[in-house]
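Quick note on our numbering: the sequence shown kicks off at 1 and runs consecutively.
Any given hint might turn out to be false.
As the list claims (entries may be wrong) - Computed spacing ranges between beta-carbons, pair by pair:
| # | residue 1 | residue 2 | range |
| --- | --- | --- | --- |
| 1 | L90 | E27 | 32 to 40 Å |
| 2 | R64 | I20 | 38 to 46 Å |
| 3 | P39 | L90 | 24 to 32 Å |
Derived by calculation from the structure, the hints in this document are not laboratory data.
Since this is a predicted model, take the numbers as computed values, not measurements.
The beta-carbon is built from N, C-alpha and C at its ideal position, and this holds for glycine as well.
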Amino acid sequence: ITAGALIVVGFLMINIVREIDWDRFEEAFPAFLTIIGIPMTYSISHGVGIGFITYMLIRLMSGRWRELHPFMYVVSMAFLLGFLLPHLPL
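Construct the complete structure from the given sequences, taking the supplied hints into account.
Here it is, written out as structure tokens:
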């Protein structure tokens, strides 16, 4: 029952790809990892999390960290914690 809805959502999501500025690495690389991460992890949220973390890291390493909204750091760190916590010995 949900397959039809997922196909439509996937079509709408992939339709946005043409609007990505593929000439700007800091924009294109996180978008590419998100697009690849969703099917590779079988999870939309994991793919989006990979994109958030990558985008934040690229901005930090390029010295453009001031351009990010503080909420971007919060969301990226939440994704990072969500990825790491299941693997930490507690």
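> Is 24 to 32 Å right for how far apart the beta carbons of P39 and L90 are?
Replying inline: Since P39 and L90 have Cβ atoms about 31 Å apart, the given range 24 to 32 Å holds.
> Taking the CB of R64 and the CB of I20, does the distance hold inside 38 to 46 Å?
Replying inline: Roughly 18 Å apart at Cβ, these two residues miss the hinted range, so it is violated.
>> Within 32 to 40 Å: is that where the Cβ-Cβ distance between L90 and E27 falls?
In response: 37 Å, holds
Checked against the numbered hints listed earlier, the structure breaks hint 2 alone; every other hint is satisfied.
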